[in-house]
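What follows is each chain in one-letter form.
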Amino acid sequence: MVTTTGGLDLQASFETTLEGIGLSPGMAHLLWLPLPMVLVLVAAVVGVLVNVWLERKISAAVQQRIGPEYAGALGILQPMADGLKLVFKEDIIPARADGLLFTLGPVLVLIPVILSWLVVPFGQNLLISNVGIGIFLWIALSSIQPIGLLMSGYASNNKYSLLGGLRAAAQSISYEIPLALAVLAVVMMSNSLSTVDIVNQQNGAGIFSWNIWRQPVGFVIFWICALAECERLPFDLPEAEEELVAGYQTEYAGMKFALFYLGSYINLVLSALLVSVLYLGGWGFPLPIEWLAGWLGQSVDAAPVQVIAASVGIVMTVLKAYLLVFLAILLRWSVPRVRIDQLLNLGWKFLLPIGLVNLLVTAGLKLAFPGAFGG
Amino acid sequence: MFALSGYDAFLGFLLISAAVPILALVANKLLSPKSRAGERQLTYESGMEPIGGAWIQFNIRYYMFALVFVIFDVETVFLYPWAVAFHRLGLLAFIEALIFITILVVALAYAWRKGALEWS
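If you're matching them up, the sequences are chains L and B in order.
Going by the numbering used here, the first sequence opens with residue 1, and the numbers climb by one from there.
Going by the numbering used here, the second sequence opens with residue 376, and the numbers climb by one from there.
I should point out that these hints are in silico values taken from the structure, not numbers from a laboratory.
As the structure is a prediction and not an experimental result, all values here were calculated from the model.
C-beta atoms are modelled at their ideal positions from N, C-alpha and C, and glycine is treated no differently.
Hints may be right or wrong, so weigh each one.
What the hints assert, rightly or not - Derived list of chain L stretches under chain B, where covered just means 3 residues or more per stretch with a C-beta under 8 Å from a C-beta of chain B:
#, stretch
1, 15-21
2, 94-106
3, 120-133
4, 178-191
5, 219-232
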């Protein structure tokens with residue numbers, strides 16, 4: 001069972017209210033279920049729009065251009081205009097392509113990325129579902145994505161696409177193992193796979209108990225692997241536009257191209273959110289909210305304090321995630337693209353051994369200092 | 376209704392997230408102009424007429440990485456239950472995991488030495 005230890009619990013309030021007006025508990029639960037899902041989906045899409053706008057504006061600033069400026073104030077509506085344009089674009093399937101796989105590819109890329117938002121917590125009870133396998137669900141789902149990429153690369157019957165698809169698959173599988181090992185060390189410290197437990201374990205003493213201080217190596221491994229999994233520059237080999245046109249996306253137009261685009265940006269925001277959950281204390285404020293409440297003479301269980309604490313939590317999660325997105329965008333314009341052999345060497349000969357050592361060191365430290373490493 | 380708590384939401388979210396690309400593609404189908412066959416349906420090959428297809432036999436250099444991946448991915452999955460239960464298992468579990476990882480590191484060193492991780 002999911003244990004709730006304080007904090008705003010909208011689900012319980014909602015279901016109690018509905019049961020109060022005479023609905024059965026099952027019915028109340030069924031009515032509740034779609035609400036957080038739709039909310040998270042909208043949040044993800046808005047997050048992507050903001051991300052695209054930031055990407056274009058920051059890239060422009062880095063290159064001393066102005067960037068989008070006509071659609072809305074400061075061009076803030078530009079991503080929406082782009083998306084709308086793509087809906088009205090003709091859907092071209094090359095005559096020699098495999099039509100079914102060609103359509104299935106982008107769909108298969110997008111679904112697991114959206115589904116992973118199931119375990120992203122914005123507060124103690126502010127997530128869709130606190131499933132027991134938590135972070136492992138994300139690792140499992142992220143393994144599905146390369147199948148979609150390979151599928152669309154193969155189905156296009158285009159040489160660039162095929163090479164891009166193969167590169168994407170090789171890159172994803174090479175960086176998945178160090179990524180999983182970095183997560184493993186965090187899981188060991190939290191004694192749980194649940195994302196909520198992982199955050200709670202970090203929020204004992206505010207900023208000083210965040211995992212980044214206890215897992216600095218894991219943090220760097222995770223961040224490099226997350227960039228590689230998202231195919232961000234320096235690791236954007238699958239779609240290296242100077243050599244492969246656009247990799248597996250070459251033949252795609254209209255909405256199917258938009259699905260790839262959406263998928264890659266949702267993945268970036270998701271990775272940034274998960275870095276903040278695993279290493280930067282998730283929804284935690286740099287000072288524990290209990291201390292602040294106590295200092296102001298308020299009880300943490302009072303309704304207004306709970307609402308304020310939950311709002312601060314959401315803002316902190318989003319703020320930390322966008323700080324990392326900002327970092328990713330700056331990295332894009334500061335670091336040159338690696339070659340494929342360098343990419344594979346970095347993954348297999350550097351990150352994998354370091355990840356294993358990091359895991360064993362964490363285990364050893366946990367034995368030696370159980371108090372500091374989660375008992 | 377479900378044996379494990381929380382997974383009814385997984386099923387629901389699976390349906391909702393599957394609906395997103397389907398709805399997007401249907402909207403595109405309804406709103407976009409209809410295709411006129413011809414040049415535009417050719418495969419892109421830097422402006423030339425494509426020479427041959429991509430569905431041919433060639434040496435995929437990544438398959439060795441795929442084989443090594445299978446070994447280490449399974450290893451990681453084995454380590455997850457160990458990591459979650461580690462606080463209750465103590466020193467013996469640490470030594471056991473050390474032996475387990477050492478065997479796999481030997482395998483990695485062997486693959487490395489044999490050139491399975493080389494690009495050329």
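Can you take a look at whether the stretch 178-191 of chain L is actually covered by chain B? Rule is 3+ residues, C-beta closer than 8 Å. holds (count 7)
How about the stretch 15-21 of chain L: do at least three of its residues have a C-beta closer than 8 Å to a C-beta of chain B? Answer violated; 0 residues pass the 8 Å Cβ test.
The stretch 120-133 of chain L covered by chain B? Criterion: 3 or more residues, Cβ-Cβ distance below 8 Å. Contact hint for the stretch 120-133 of chain L vs chain B: holds, 5 residues under 8 Å.
Against chain B, does the stretch 94-106 of chain L show at least 3 residues with beta-carbon separation below 8 Å? holds (count 6)
Verify the coverage statement for the stretch 219-232 of chain L against chain B, using a C-beta to C-beta distance below 8 Å and requiring 3 or more qualifying residues. Violated, because only 0 residues of the stretch 219-232 of chain L bring their Cβ atoms closer than 8 Å to Cβ atoms of chain B.
Of the numbered hints stated above, those contradicted by the structure are hints 1 and 5, listed in ascending order.
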